[in-house]
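Peer 1: Protein chains in written order, with my numbering: chain A, 81 to 337; chain B, -14 to 266; chain C, 1192 to 1521.
Since the hints were made in silico from the structure, they are not lab data. Here the structure is a predicted model, which is why all the values come from computation and not from measurement. Heads up, the beta-carbon is just placed ideally off N, CA and C, and yes, glycines get one too. Possibly wrong hints are sitting among the right ones.
[Unchecked claim] Short derived list, chain A residues pointing at chain B, Cβ under 10 Å:
#	residue
1	V143
2	R147
3	M175
4	F177
5	T185
6	M186
7	R189
8	C243
[Said to hold, decoys possible] Computed list of lysine-lysine pairs in DSSO-like fashion (alpha-carbon distance at most 30 Å, straight line):
#	chain 1	residue 1	chain 2	residue 2
9	B	K83	A	K103
10	C	K1317	A	K179
11	A	K157	A	K224
12	A	K103	C	K1514
13	A	K224	A	K179
Here are the chains, one letter per residue:
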Amino acid sequence: MLESAEASAKMRADKLSAWFGDKQALRSISLPLVERKVTAVIGPSGCGKSTFIRCLNRMHEVVAGARTAGDVLLDGKSVYGADVDPVRVRRRVGMVFQKPNPFPTMSVRDNVLAGLRLSGITPPDPDAFVEEVLGQAALWDEVKDALDRPGGALSGGQQQRLCIARCLALEPEVVLMDEPCSSLDPVATAKIEELIHDLRERYTIVVVTHSMQQAARVSDYTAFFYLGELVEYDLADVIFTKPSDPRTEDYITGRFG
Amino acid sequence: MTPELESAYSGRKLASRFATGASSVAVVLALLPLVAVFAYVVSRGARAISIPFFVEPIGERGAGMANAIVGTIQLVFLASAMGIPLGIMAGLYLAEYKATRLARAVRFSADVLAGVPSILVGVVVYAVVVVWMKQFSAFAGAAALAIVMLPLVARTTDELARAVPDSLREAALALGASRWRTALFVVLRTAAPGIRSGCLLAVARVCGETAPLLFTAYNNRFYNDSLLDPTSTLQVQIFTYTMTPNDDWHAQAWAAALVLVAIVIVLGVVARRLLDEKVPG
Amino acid sequence: MTQRALATPPRLPPQPPRSLRFAGMGKSGSADRTFGALGAGAAGALGLVLIGVAVSVARIAWPSIQASGFSFVTTSVWDPSRGVFGALAFVWGTILTSTVALILAVPIGLGVALFLTDLGPPHLRKPVSSLVELLAAIPSVVYGLWAALVLAPILRTTVQPALAKIGGPLFRGPNVGFGILCASLVLAIMLLPTIASVSRDVLRAVPAELREGALALGATPWDAVRLVVLPHARHGVFGAILLGVGRAVGETMAVAAVVGSRADISPSLFAPGYTMSSVIANEFPVASSELHIAALAEVGLLLFVITVAFNVAARILVARSNKSAAGAQA
C-alpha cells in the first residue's frame, strides 16, 4: 500500500460497494485520493469508474434503485453518515460531467453564478467574481465579450470549461471529473488537460478517463478498475511503466479494453 | 420485373393513388366545416359588431355586451390565478417524482379528468360552492374554469419537465443545489417556454368553456358588483341568444362569437410563437 | 494490490488560503421537505378532483337514486311537474347522436391522420395539421350558434327533403332542421380533430424502420400503411376512437343548441331528441324541486361513469400502443 498516499489523503473510499438495482457495479473499493494531486481512474467501459466517483459526492443515489455500502471519508469524516446532508457534501465535492451540460436557458454569467444562486447566495461583487472564476477556468479571455450569451451557444470545449468554472465558483475542496474530454476535439482536450494541471495547485482532483495517454499526462496517481474491482493503484509513473498486475499491463498495452 | 409482377404492381400503384385520393377527400371534408364556420363568424360578426357592443351592457335593441366581456375576462383571470400555479406545482411534482405510485395514479386520473364532460364540473361546483354560498357567483364560475384548466396545465408541465434532460438536474444537484431549487430554477426554467405556451392554450380553452358556467357564474344583465355576484359572460350570452328567435340577438351572438374566436386564435398563435422560440443549445 | 512504500511522503506546497466566503450558506433539508409536501399536496388535489366529482355528483343524485331505483334507466317518462323521472330517452339520444357522429367522423378523421403521416404530400402536412388544430380550438358554443342558425336551415330546406326520398325508419318524420341529425353532424365536426390528432400521434409513433423496411421492399405508401403501419398502431387508433366516443357523449353546448330538446325515443334522425349532457345544461339552472335536481345529477352520474369508462379504456390503449412502438424502436 502506498502509505504516503494514505497519509495525505483528502478523501478515502473504504470498502465501497455500489449497486444499480440487483446489479453490483462496485466491489469493495478502498482507495485514497491524495490532497491537491490528480488521481486518474482508468479502466474499460462498464468497469465502474464513473459509478465510483459518483459515489464520492453522493450523486450515485440520485439514480432510482441505486444504493451503496461501505464508506467514503472526507477529511476523515464519513459523507454517508446519518446526519450528513448530501447537498452539503456536493458543495464541498464538485463534479464535472462527461457531456458539457451548461444550463441552456442561462447566460454564461448566470451559469457561473448558478451554483451560488441555487443555494440562495449572491456574491457581493458578481462581476468581479465571474471574472475571477472564469479566469481560473482559463475561459475569461474567450468569453469576456459574450457573458450575456446563452451558455449553450459556446463551443463544446468552452462549454466544458464553463461547467468547470460553474463548479469552481462554489470553491469546492475536491473536483470530480467524469471523462471531461470524451466529447471534445483534441485542441479542446489539450486546453482542459492544461487546466487540470493548473487546478492541482488548489484542488484535489479525480479524473475518470478511458484514455491512458490522458491519464499518463495529467495524473499523479492512477487507479485501474476492472469489472467493478480495483486492480491496481499506484503512482502514475509506476502504473504506466512497470505495473505489477498482468491485467493492468494488458490494458495499458492495449490488449483489451 | 416480370410481366406478372409488373401488372400486380400497377394494381398496387392504383390502390395507393386511390388511398391518397381518399385521404385528400377526407381532408377537404374535414376543413369544409372549418371554412364554413369561420366564414359565417367573420362575415356575420363583422356586420354586427359596433362600438355599443363593447361599451353598452346587455339589454334590448342597440345594447351591447360590455358586461359579458368584462365577465369573461374576470372569470378567466381569476381561474388562471387559481388553476395555473396549482397545475404547475402538481405537474412539477409529477415530473420530479415521476416513478412513484402517487405520481402514476395522479397522472392517470388527470388524463381521465381531462376527458370528463365539463358540465359535470359545473354540477360539482354548484353542489360545493353555489349551495354553500347560497347564490350563483363569478367566483363559483372561476372555480369551475380553474378545475377545467388544472389537468391541462398539470399534464403539460409534467410532460415538458420530464423532457428536461437529467444531465441538467445532475449538474444542479452536483453544485449542491437542493431538490426544490433544482426543480424551480433549473427544470422549470428550462421547460418554461413550453409551459407558458401550454398555459396559454389552457386559457384559450376556458375562454370558450360554457357548460360549467351555466349554473355557477349563471348570468346577469348588469355589471356584477363583486365576485360574489352572478356574472354574465360572452360564452353563456352566445348560448342564451342562440336559443332565442330574435334576429337582433342573433346578430349580437355572431358578434360575440367573433370576439371569442378572435381571442382564442390570438392566444393560440401567441402560444405557438412561444414554442417556436427555440432554446439555443 | 501492490505493496509499496515511498521513503518520504511527498511534500505539499503550502495550501493557498481557502476562502470561506460562502461556507455554510445555503440550506436544504426542511425547504426540500416543504417543497415535496406542497407538490404532493397539489398533485393530491388534482387526483382528488376526479374522486370529488364522482362523490359530490353521487351525493346530490342520492334522493333520485332512492326514489326511482332501477326504473330510472328503463323508463323514458320525464315529467318534472309530476316528479316522474326516467332517463332512457336521454341515454337513447346520446347513443344515437354519438353513433351517427362516429360513423361520419371516424373514416374522415382516420383519413386526415393518414394524410398527415403517410399519404399526403409532405409540404401540405404542416398547414393541414395547423388547420385541424384550429378546428379543435373553436369553442363548442360557437359551433352551436353556427349549427342552429346556418346548418339547421340548410338541413330543413335541402338535405332532409333529399334524404326523405330515400325513406326508411331513419329518414322520416317532421322536418324542422333541429333534431338528432343536426346534433350528430355538429358532433361529428367536433370529434374530427380529436380523432385525427390522436390517431396522427399514434401513427407517428410507429417506428420509422418499419415503414422504411416496407418501402425498401418496394411497397407503395398505401401498402406500407395497410401491411405495417395500421396493424402496428391498431390499438392506439382504437383508443383514439374511444377518446372520440368520450367526447361525443360529453359534448354539451353545441348539441343543446340543436338537438330539439324533447325526451322522446324515436329511430328517426329527423326527430327532435335530447341527450344526457344537454338536458343537464337546459334544466339544471331552472330546476326548482330537490328531486328534479337529484334526477339531473343522476343523469350526470351516468354520464360520468360512461365517459370515465371510455376514457380509461382509451388511455390504456393509446399508452400501450405508444409504449410498444417505443419498445420496438429501442
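Peer 1: Each hint: holds or not?
Peer 2: Hint check results:
1. Annotation: interface hint on V143/A holds; nearest CB of chain B at approximately 9 Å, less than 10 Å.
2. For R147/A, the interface hint is violated, since its Cβ never comes within 10 Å of a Cβ in chain B; the closest pair sits about 16 Å apart.
3. At a threshold of 10 Å, the smallest CB-CB gap from M175/A to chain B is about 4 Å, leaving the interface hint in force.
4. At about 6 Å, the closest approach between the beta carbon of F177/A and any beta carbon in chain B falls short of 10 Å, and the interface hint on this residue holds.
5. Checking T185/A against chain B by beta carbon gives a least distance of about 5 Å; that is within 10 Å, so the hint holds.
6. The interface hint given for M186/A holds, since its Cβ lies 8 Å from the closest Cβ of chain B, which is under the 10 Å cut-off.
7. A distance limit of 10 Å between C-beta atoms decides the matter here; for R189/A the minimum to chain B is near 15 Å, and the interface restraint is violated.
8. Because the smallest distance between the Cβ of C243/A and any Cβ of chain B comes to about 7 Å, under 10 Å, the interface hint for this residue holds.
9. Between K83/B and K103/A the CA atoms are separated by roughly 22 Å; this keeps the pair inside 30 Å, and the hint holds.
10. Between K1317/C and K179/A, the direct Cα distance comes to roughly 34 Å. Violation of the 30 Å bound is thereby established for this hinted pair.
11. Distance check on the hinted pair: K157/A and K224/A sit about 40 Å apart at the alpha-carbon level, beyond 30 Å; violated.
12. Note on K103/A and K1514/C: the hinted pairing holds, with a Cα-Cα distance of about 25 Å set against a maximum of 30 Å.
13. Under the criterion of a C-alpha separation no larger than 30 Å, the hint pairing K224/A with K179/A is consistent with the structure, at around 23 Å.
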